[in-house]
Amino acid sequence: MRRWWHGWVVVWCAALATVPVPYTGVEDGWVPALWMLVMAAVAGAVGLAEGGWVPWQLAAVLGVQGLLATAALALAARLLVPPLEAFASPRASWLVGALVAGLGAVAWCDVYRSPVVANRWTNLVGIWG
Amino acid sequence: MVGLLAALAGVAPAGPVLERREPCADRDPQRRAFFGDLHVHTRFSLDASTQGTRVGPREAYRFARGEPIGVQPHGPDGAPRRTLQLSRRLDFAAVTDHAELLGETSVCETPGLPGYDSLVCRVYRRWPRLAFYLMNGRASRDAPAADRFAFCGPRSIYCLEAAATVWAEIRAAAEEAYDRTRACEFTTFVGYEWTGSPEGVNLHRNVLFGGDVVPDLPVSYFEAPSPAALWRLLYRRCAKRLPGCEFLAIPHNSNLSGGLMFDPSSNQQMTPAHAAAWAQAEPLIEVMQHKGDSECLPGVGARDEACGFEKLPYQTFAGKYVPWMATAPTGRNFVRTALGEGLVWQQRLGVNPFRFGLIAGTDTHLGTPGAVSERDHPGHGGAGTPAMTTMPPGLADDVEFNPGGLAVVWAEENSRTAIFESLRRREVYGTSGPRLTVRFFGGWDLTEAMCDGLPFVEQGYQGGVPMGGVLAPPPSAGVAPVFAMWTLRDPGTEREPGTPLQRVQVVKGWVEDGEAREHVYDVAGNAAGTATVDLETCEPHGDGYDSLCGVWRDPAFDPERPAFYYVRVLENPSCRWTAHACNATGVDCAQPATIGEGFAACCDPAHPRTVQERAWTSPIWYVPAPAGTGSR
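Here the protein sequences come in this chain order: A and B. Residue numbering for the first sequence is 1 to 129, as defined by the working numbering. Residue numbering for the second sequence is 1 to 632, as defined by the working numbering.
I should point out that these hints are in silico values taken from the structure, not numbers from a laboratory. The structure displayed is predicted, hence computed values, not measured ones. Cβ coordinates follow ideal geometry from the N, Cα and C atoms, glycine included. Keep in mind that a hint or two might mislead.
Distance ranges between label pairs, derived from CB positions [said to hold, decoys possible]: (1) B:D216 / A:E27: 32 to 40 Å; (2) A:A49 / B:E175: 45 to 53 Å; (3) B:C603 / A:A17: 35 to 43 Å; (4) A:A17 / B:A150: 46 to 54 Å; (5) B:T330 / A:E27: 21 to 29 Å; (6) A:W30 / B:D26: 36 to 44 Å; (7) B:A606 / A:L68: 29 to 37 Å; (8) A:C109 / B:A590: 40 to 48 Å.
Only some residues are given here: those of chain B computed to face chain A with a beta carbon under 10 Å [what the hints assert, rightly or not]: (9) A150; (10) Y321; (11) T389.
Using the sequences provided together with the hints, build the complete structure.
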């Protein structure tokens with residue numbers, strides 16, 4: 001039976017939330033792409049509520065980098081996961097599950113850092129403050 | 001003349017400060033050196049509170065008086081994890097929190113106040129560092145084009161009311177800490193920082209009030225979009241409206257001004273009235289502090305290797321946070337250049353807008369005035385790395401920053417009146433931290449004998465003018481001014497002994513062919529500078545001096561050219577704070593395994609491990625008589 005979901009999409013979503021990617025522009029660090037997008041949304045919301053140039057600048061700096069990271073992770077997942085699934089067939093679902101679990105394990109490690117929320121390397125819980 | 005012109009520009013000349021207090025038991029007509037810090041931020045400053053500072057003005061003054069206080073980071077129970085204490089108390093201090101977000105910060109921290117539940121305040125409490133950028137940007141970059149935050153309510157009333165409450169607390173703290181008894185042990189000033197940052201460049205000024213009569217609210221960048229507007233509004237709301245209200249403004253961090261601190265385009269067109277207003281409102285400048293030295297830039301002007309001291313590699317804060325916006329500093333950011341330009345303006349307009357006396361400060365954002373020890377630098381926060389609940393791994397501060405310096409005044413007694421008058425007449429100097437004692441006089445009849453037994457100070461006052469003064473007209477043609485300087489090393493403390501002196505220099509600036517020129521003269525001490533310091537133990541080696549005295553006559557004096565002269569005293573080399581921190585952690589650059597996280601700078605040759613601590617006196621100026629008048 002054909003799966004209703006694509007393995008690479010699942011891995012991509014997990015990667016968005018867990019893979020540390022570099023950012024710069026307002027200080028710098030290593031954070032999940034999703035974190036950048038959320039911070040950009042917060043800054044944008046402040047811009048909408050309060051006006052001013054700085055919130056929009058922050059939203060743009062974080063948003064653009066977040067979207068670039070999102071696209072890069074999508075491309076990587078799209079290119080890497082299907083061949084691996086084919087290799088692992090008929091246990092492709094297990095492979096996807098293992099990849100997601102691996103990313104989850106990464107999230108427990110101190111691989112994230114942003115001066116916005118922490119002054120040292122921290123895990124996924126820490127990076128969300 | 002200057003006073004009249006300043007009045008035309010809306011900044012009237014200052015009158016005497018009046019205060020009701022007991023006379024000081026210890027009063028010296030020949031004046032004593034008092035050490036203090038006039039640049040201190042507490043939790044009421046947004047950039048301090050968002051990096052974990054919980055110290056308020058009262059605790060800051062207690063710290064200045066020598067008491068221990070707890071500072072960030074704080075544990076889950078709210079208890080501070082570090083305790084700091086000065087080894088030597090200060091004589092005076094002023095808390096100078098940022099005016100711009102006094103009320104907003106308070107609203108966001110006080111449940112029940114209107115605005116507490118706003119989006120911005122939620123961000124402030126959830127992600128303080130993000131709020132630092134969002135809110136600080138509003139107050140410095142966006143203001144005055146933008147109004148205050150919407151959560152401040154109609155006509156910003158919620159934030160203004162909150163700011164008035166905070167301002168009252170700042171005033172009360174200064175009043176409580178001021179020693180009005182005959183002991184005269186400690187003096188405070190009510191003050192704040194005007195944080196103008198057009199296009200992200202630093203035009204910041206600290207505003208000090210001479211007494212306890214001050215406006216109901218500080219004049220912020222929201223109301224005053226330029227330094228000139230600041231002076232005018234201060235004059236209207238303080239000197240003109242409130243009898244006994246006196247103020248002065250002190251620019252700082254010209255090194256981060258993108259070359260605009262002394263550029264009339266950042267202010268308004270330079271006219272005689274504007275120049276006079278500038279000189280009237282701003283008799284002092286902070287030459288050095290936590291965020292670098294602003295005296296001079298290597299390679300600009302005179303050959304002066306000692307200019308390579310605590311320099312930042314960028315010239316705006318944008319350059320610090322956004323690497324691709326970083327540009328290298330230019331000479332126009334520096335005080336010595338401004339002193340020279342002031343002479344040029346003097347020739348063009350007849351008024352010198354940049355007749356600055358020199359002081360230094362810490363700009364601490366921990367609420368710890370006078371915490372200038374290189375050995376125990378706690379990191380001054382603010383623009384540095386936040387430490388809300390834990391200290392960052394590695395160095396306690398950004399490597400390019402430093403512990404900051406002190407302001408020193410020569411005053412008859414330790415009272416507001418005496419110290420404020422010293423500040424206004426510029427009989428002050430700055431140090432990069434050590435408690436050096438420096439006297440400096442200029443005149444036409446001072447003699448070599450001043451260093452050989454004559455009462456130095458008495459002769460100096462009788463025969464000349466002290467630092468910050470203007471030379472009297474030459475008594476006859478063909479004479480050159482004589483300058484006498486005398487300095488004592490910092491005795492230090494048992495745990496942190498002072499460093500011997502190396503030399504005393506005179507920095508001269510003058511105008512030639514319409515352009516500012518400068519030259520540095522070694523006057524006393526050992527110009528060869530053979531003393532060293534052991535980088536592993538920080539033990540000093542080599543000879544130095546406990547005191548130095550010199551009398552110097554300008555060998556190139558031209559009575560037609562305006563000039564300034566100031567003294568710079570250099571200590572022997574000593575360990576920079578980074579070297580102390582690296583040694584304390586056991587970093588051995590030959591063994592990479594010993595270089596822990598955050599300590600890579602210990603082994604980066606781009607960062608010096610030694611410093612030559614120093615003092616800079618206020619200049620003494622020479623002003624030629626206008627052509628055809630025969631007098632000044």
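So, going through the hints one by one against the coordinates:
1. Range check, D216 of chain B to E27 of chain A: about 37 Å between beta-carbon atoms, so the 32 to 40 Å window is met.
2. Hint check: A49 of chain A to E175 of chain B, Cβ distance near 39 Å, so the stated range 45 to 53 Å is violated.
3. Between C603 of chain B and A17 of chain A, the C-beta spacing of about 37 Å keeps the proposed range 35 to 43 Å intact.
4. Take A17 of chain A and A150 of chain B: their Cβ atoms lie about 32 Å apart, and the range 46 to 54 Å is violated.
5. Between T330 of chain B and E27 of chain A the beta carbon distance is about 25 Å. The supplied range of 21 to 29 Å therefore holds.
6. Under the hint 36 to 44 Å, the C-beta atoms of W30 of chain A and D26 of chain B, about 59 Å apart, miss the expected range.
7. Checking the proposed 29 to 37 Å range against A606 of chain B and L68 of chain A shows it holds: the Cβ atoms sit about 31 Å from each other.
8. In this structure the hint that C109 of chain A and A590 of chain B lie 40 to 48 Å apart at CB is violated, the actual value being about 31 Å.
9. Proximity of A150 of chain B to chain A holds as hinted, the smallest CB-CB distance being about 5 Å (cut-off 10 Å).
10. About 6 Å separates the beta-carbon of Y321 of chain B from the nearest beta-carbon of chain A, less than 10 Å, and the hint is met.
11. The restraint placing T389 of chain B at the interface with chain A holds, with a minimum CB-CB distance near 9 Å, inside the 10 Å limit.
This entry does not satisfy hints 2, 4, 6, 8, going by the numbered hints stated previously.
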